[in-house]
Amino acid sequence: MDAVSQKTINTIRVLAAEAIQKANSGHPGLPLGSAPMAYTLWADHMNHNPKNPKWENRDRFVLSAGHGSTLLYTLLHLFEYGLTMEDLKNFRQEGSLTPGHPEYGHTVGVETTTGPLGQGIATAVGMAMAEKHLAAHFNKEGFNLVDHYSYALVGDGCLMEGISYEAAALAGTLGLGKLIVLYDSNNITIEGDTQIAFRENVRARFEAQGFETFLVEDGNDTKAISEAIAKAKANTSKPSFIEVKTQIGYGCPNKQGKAAAHGEPLGADNIVEMRAFLEHHNEEFFVADDVKAHMAELVKAGAAKEVAWNELFAAYEKAYPELAKEWKAWHSDEEISLDIYNNYTDEAGKKATRVASFEVINHMADIVPNMIGGSADLAPSTKTYMNGKGDFSAEDYSGRNLHFGIREHAMGAIANGIAVHGGLKTFCSTFFVFSDYMKNPMRLAALMKLPVTYVLTHDSIGVGEDGPTHQPIEQLAMLRSTPNLVTFRPADAKETVAAWEYALNSKTEPVAIVLTRQDLPYLAKTGVEAKKGAYVVAGVEPKEADIILIATGSEVQLVVGAVKELEAQGIKATAVSMPSMDVFEKQPKAYKDAILPPNKTKRVAVEALSSFGWHRYTGLEGQVISMDHFGESAPAGLIFKKNGFTVEHVVEVAKEVLA
1 MDAVSQKTIN
11 TIRVLAAEAI
21 QKANSGHPGL
31 PLGSAPMAYT
41 LWADHMNHNP
51 KNPKWENRDR
61 FVLSAGHGST
71 LLYTLLHLFE
81 YGLTMEDLKN
91 FRQEGSLTPG
101 HPEYGHTVGV
111 ETTTGPLGQG
121 IATAVGMAMA
131 EKHLAAHFNK
141 EGFNLVDHYS
151 YALVGDGCLM
161 EGISYEAAAL
171 AGTLGLGKLI
181 VLYDSNNITI
191 EGDTQIAFRE
201 NVRARFEAQG
211 FETFLVEDGN
221 DTKAISEAIA
231 KAKANTSKPS
241 FIEVKTQIGY
251 GCPNKQGKAA
261 AHGEPLGADN
271 IVEMRAFLEH
281 HNEEFFVADD
291 VKAHMAELVK
301 AGAAKEVAWN
311 ELFAAYEKAY
321 PELAKEWKAW
331 HSDEEISLDI
341 YNNYTDEAGK
351 KATRVASFEV
361 INHMADIVPN
371 MIGGSADLAP
381 STKTYMNGKG
391 DFSAEDYSGR
401 NLHFGIREHA
411 MGAIANGIAV
421 HGGLKTFCST
431 FFVFSDYMKN
441 PMRLAALMKL
451 PVTYVLTHDS
461 IGVGEDGPTH
471 QPIEQLAMLR
481 STPNLVTFRP
491 ADAKETVAAW
501 EYALNSKTEP
511 VAIVLTRQDL
521 PYLAKTGVEA
531 KKGAYVVAGV
541 EPKEADIILI
551 ATGSEVQLVV
561 GAVKELEAQG
571 IKATAVSMPS
581 MDVFEKQPKA
591 YKDAILPPNK
601 TKRVAVEALS
611 SFGWHRYTGL
621 EGQVISMDHF
631 GESAPAGLIF
641 KKNGFTVEHV
651 VEVAKEVLA
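Using the UniProt record's numbering, read the sequence shown as starting at 1 and increasing by one per residue.
It is possible that part of the hints are untrue.
Calculated cross-link-like contacts (lysine-lysine; reagent style DSS-like; alpha-carbon spacing at most 30 angstroms) [stated by the list, open to error]: (1) Lys602 with Lys531; (2) Lys543 with Lys531; (3) Lys305 with Lys140; (4) Lys328 with Lys231; (5) Lys531 with Lys572; (6) Lys328 with Lys531; (7) Lys564 with Lys589.
Now the in silico label distances, taken between C-beta atoms and shown as ranges [stated by the list, open to error]: (8) Arg199 with Thr469: 43 to 53 angstroms; (9) Val307 with Asn254: 17 to 27 angstroms; (10) Gly405 with Lys233: 24 to 34 angstroms; (11) Asp628 with Ala234: 57 to 67 angstroms; (12) Tyr320 with Glu632: 42 to 52 angstroms; (13) Glu279 with Asn505: 54 to 64 angstroms.
No wet-lab data here; the hints were simulated from the structure.
Glycine is no exception: its CB is placed at the ideal position from the N, C-alpha and C atoms.
Put together the whole structure using the sequences plus the hints.
Next up, the structure:
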């Protein structure tokens with residue numbers, strides 16, 4: 001290695017440790033140990049242009065071990081992504097661009113939010129899948145428009161989390177040859193040596209999952225690291241796993257190789273000793289002029305790579321004008337309309353909302369050509385297969401139907417990777433009760449403002465005979481309580497169209513569409529208004545009502561029926577469908593007050609799930625008909641009746657409230 005490269009690596013180490021010391025908080029161990037491999041990757045192998053961090057054909061880098069964030073921030077600073085020295089000095093401080101874990105959309109150059117271990121590697125799998133699909137669609141002989149790698153730097157913690165097993169198994173099955181995982185193998189976690197809990201042969205595991213594997217015995221040997229990366233890049237039929245043996249906290253004589261280096265500042269005296277050991281200048285936050293000049297040359301080389309790609313695209317545009325036009329459209333945000341509400345106006349019509357969703361998906365598949373998605377081995381049940389659009393596989397990356405296998409946790413993170421990659425829209429699907437398995441990636445999608453769509457079927461005790469293990473109760477409250485995640489529970493086919501239309505046009509929110517197994521009637525007054533979150537579907541205007549009945553999903557038909565019964569008894573009632581509390585809360589106050597007038601306090605909410613969250617609408621004078629206990633294995637109709645989900649019971653409770 002030349003002297004300036006070694007000097008740059010040591011600069012990365014010292015800056016990372018100094019930022020943590022100044023914050024008196026952070027994880028110095030990984031940045032110190034992994035600096036050589038990260039520098040070698042970024043300087044010698046990655047195609048990226050710091051002057052245009054969103055260049056479509058850039059290589060993606062994911063720091064899956066997000067606790068080592070100062071490694072990434074220091075790289076972004078030295079590679080001139082816009083992070084200043086002042087930003088490094090403000091690590092973990094209020095309002096800074098250098099939060100404790102990397103956050104997508106907050107810091108330029110951060111490709112995805114990482115922190116929960118294992119999420120990063122699974123997200124990188126999604127990025128690699130996106131690259132394969134786009135390449136299959138757009139690349140022509142002599143025009144490799146889409147030609148980039150997805151890299152993930154992982155630690156022991158990432159590889160212990162189950163999500164990494166799920167994601168890696170799928171990556172190997174799909175032969176994602178442009179996915180390269182670098183493993184910071186230092187045998188240390190928070191509690192000490194990994195021998196206490198993690199003795200498996202990790203490389204053998206990845207080899208069994210279909211990866212080509214490499215071992216670099218010395219984490220400071222940049223030549224060996226570079227050779228391993230080059231070999232990994234050359235194998236485009238298999239993903240690659242490079243184990244790099246490092247020493248946690250390398251360069252800090254009193255802490256290297258010890259658990260104490262993992263998650264606490266090194267201490268001022270230790271940093272002085274580290275600077276001396278690494279032969280680094282003793283001034284704080286110092287970058288030598290020759291290092292700055294060296295980095296400027298690397299930045300210039302990165303910009304040149306995009307210039308070459310732009311020239312390729314210009315030639316591509318002349319040779320394939322329609323495809324070039326499509327490329328631009330796929331990377332834009334055009335409004336999408338699903339004008340099929342009139343398909344569901346038959347007064348005698350009846351359809352499960354999962355079936356209506358299937359029809360919407362197949363209509364959408366023709367008008368949204370960059371939509372890809374699938375389920376966790378449940379497409380026949382969740383009704384999410386796009387007919388005639390092919391299956392994404394190692395043999396055909398152009399297929400638009402994704403098969404995740406029974407891997408909900410990885411599925412959610414992979415969907416995030418596809419969304420954050422750019423150029424594609426995506427959905428994923430499972431039974432609603434199993435949304436528990438992918439809560440973490442759903443939360444991260446909300447945090448990252450990614451418009452992923454979740455199709456969650458079998459939405460209540462209506463699952464019936466499968467019993468309480470498959471009947472969701474608390475899941476809807478969980479999703480509704482997640483900031484920036486929009487949840488729809490449609491009452492019929494028309495509301496399902498509205499939910500999908502909202503999801504397709506979402507720019508900054510993931511959307512969960514929660515659907516029934518059982519058939520539901522087409523209701524007369526449902527439709528596009530569902531996109532407002534709540535609206536009147538039967539009875540008098542709310543301002544004239546004696547009582548307001550509110551429901552979602554399969555229970556809306558009950559409040560519509562109850563309104564008729566109450567009217568027959570001389571009671572003025574209103575039925576409100578509230579498919580999305582989240583969207584309703586975004587409406588202007590005047591609209592919300594028109595639907596639920598503040599002076600109309602006699603209210604009943606009906607939903608065959610947990611009552612949690614409903615009391616904000618029913619207040620002290622109202623009641624909630626709900627499921628605050630687990631269901632049982634029995635026919636759905638019997639369970640609904642047993643738990644009070646009938647028109648007669650809704651009328652009875654309404655009269656109690658009025659009394």
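Here's how the hints hold up against the structure:
1. The hinted pair formed by lysine 602 and lysine 531 meets the criterion: a straight-line CA distance of about 25 angstroms does not exceed 30 angstroms.
2. Between the alpha carbons of lysine 543 and lysine 531 the distance comes to roughly 22 angstroms, so the proposed pair stays at or under 30 angstroms and holds.
3. Taken as a hint, the lysine 305 and lysine 140 pair is honoured in the structure, with Cα atoms around 20 angstroms apart against an allowance of 30 angstroms.
4. About 33 angstroms separates the Cα atoms of lysine 328 and lysine 231, which puts this hinted pair outside 30 angstroms; it is violated.
5. For the hint linking lysine 531 to lysine 572, the alpha-carbon distance of about 26 angstroms falls within 30 angstroms, and the restraint holds.
6. With a C-alpha separation of about 28 angstroms, the suggested pairing of lysine 328 with lysine 531 holds against the 30 angstroms cut-off.
7. For a cut-off of 30 angstroms, the pair hint linking lysine 564 to lysine 589 stands: about 29 angstroms separates their Cα positions.
8. In this structure the supplied range 43 to 53 angstroms is violated for arginine 199 paired with threonine 469, their Cβ-Cβ distance being about 33 angstroms.
9. Roughly 47 angstroms separates the CB atoms of valine 307 and asparagine 254, a value that falls outside the hinted 17 to 27 angstroms.
10. Remark: the range hint 24 to 34 angstroms for glycine 405 to lysine 233 is upheld by a beta-carbon distance near 27 angstroms.
11. Distance hint for aspartate 628 and alanine 234: a CB-CB separation of about 59 angstroms, consistent with the stated range 57 to 67 angstroms.
12. At about 59 angstroms, the CB distance of tyrosine 320 to glutamate 632 disagrees with the hint of 42 to 52 angstroms.
13. A C-beta distance of roughly 56 angstroms is found between glutamate 279 and asparagine 505, which places it inside the suggested range of 54 to 64 angstroms.
When each numbered hint is compared with the structure, violations occur for hints 4, 8, 9 and 12.
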